[in-house]
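S.K.: Start from the sequences and build out the full structure, keeping to the hints where you can.
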Amino acid sequence: DGGITQSPKYLFRKEGQNVTLSCEQNLNHDAMYWYRQDPGQGLRLIYYSQIVNDFQKGDIAEGYSVSREKKESFPLTVTSAQKNPTAFYLCASRLGRHNEQFFGPGTRLTVL
Amino acid sequence: SQQGEEDPQALSIQEGENATMNCSYKTSINNLQWYRQNSGRGLVHLILIRSNEREKHSGRLRVTLDTSKKSSSLLITASRAADTASYFCATVFNQAGTALIFGKGTTLSVSS
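Going down the list, the protein sequences come from chains A and B. Start counting the first sequence at 1; every next residue gets the next number (this note's numbering). Start counting the second sequence at 1; every next residue gets the next number (this note's numbering).
In case anyone wonders, no lab produced these hints; they're calculated from the structure. Only a predicted model underlies this, so the values are computations on that prediction, with no experimental measurement involved. Ideal placement from N, C-alpha and C gives every residue a C-beta, glycine not left out. Each hint should be verified, as a subset may be incorrect.
Said to hold, decoys possible - Only part of the chain A face toward chain B is listed, based on derived beta-carbon distances under 7 Å: (1) Asn18; (2) Thr20; (3) Asp38; (4) Leu45; (5) Tyr48; (6) Gln50; (7) Leu90; (8) Leu95; (9) Gly96; (10) Gln101; (11) Phe103; (12) Gly104.
M.R.: Here it is as structure tokens:
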């Protein structure tokens, strides 16, 4: 089956800890994206990557970091510098410009 | 920055009725896309309309685009309870078209 997987589905973190959210795709898409969604809100772009070993900041990159060492993988690290990390995180991928994006099922992060 | 803004924020209708959602955006676009999100899930692509198209159909969905007014509408005909979800329009984040940004969405509730 082709698609995007995110893990874990639920993640709990203590304040001051870094956590890494996984995103893997087997669609052979070049571009990958991370979005954050707060309750009742739209999606806000955190980081995106067009090719391996390259990525750009979105609207709300502060307190987050990413890597793109493999085409299939685009992990997101939520650092302790992120003031309010509790949210629903969505990963997406896209074959090329001006095409549709495919989304993973999301990871719900809660800071205790 | 949010390029698209959906209207209304919430819409409640009865099964069988039509549902219309609107999206306004700010800058010129290559295309505009509509997505659907069921509660707590990832987004699913519904339809893409290019800037040189005025109307597009897909099953019970009809999308219109008015580039002079920088607006789009999504019409769902003969709504079903299963159409209950949030609907988002998406346009490009930058001129390179390398990422999408989303509005806050319209939450549609269809009661039987």
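S.K.: Confirm or reject each hint.
M.R.: Hints, verified against the model:
no.	hint	verdict
1	Asn18	violated (24 Å)
2	Thr20	violated (19 Å)
3	Asp38	violated (10 Å)
4	Leu45	holds (6 Å)
5	Tyr48	holds (5 Å)
6	Gln50	holds (6 Å)
7	Leu90	holds (6 Å)
8	Leu95	violated (12 Å)
9	Gly96	violated (9 Å)
10	Gln101	holds (6 Å)
11	Phe103	holds (4 Å)
12	Gly104	holds (5 Å)
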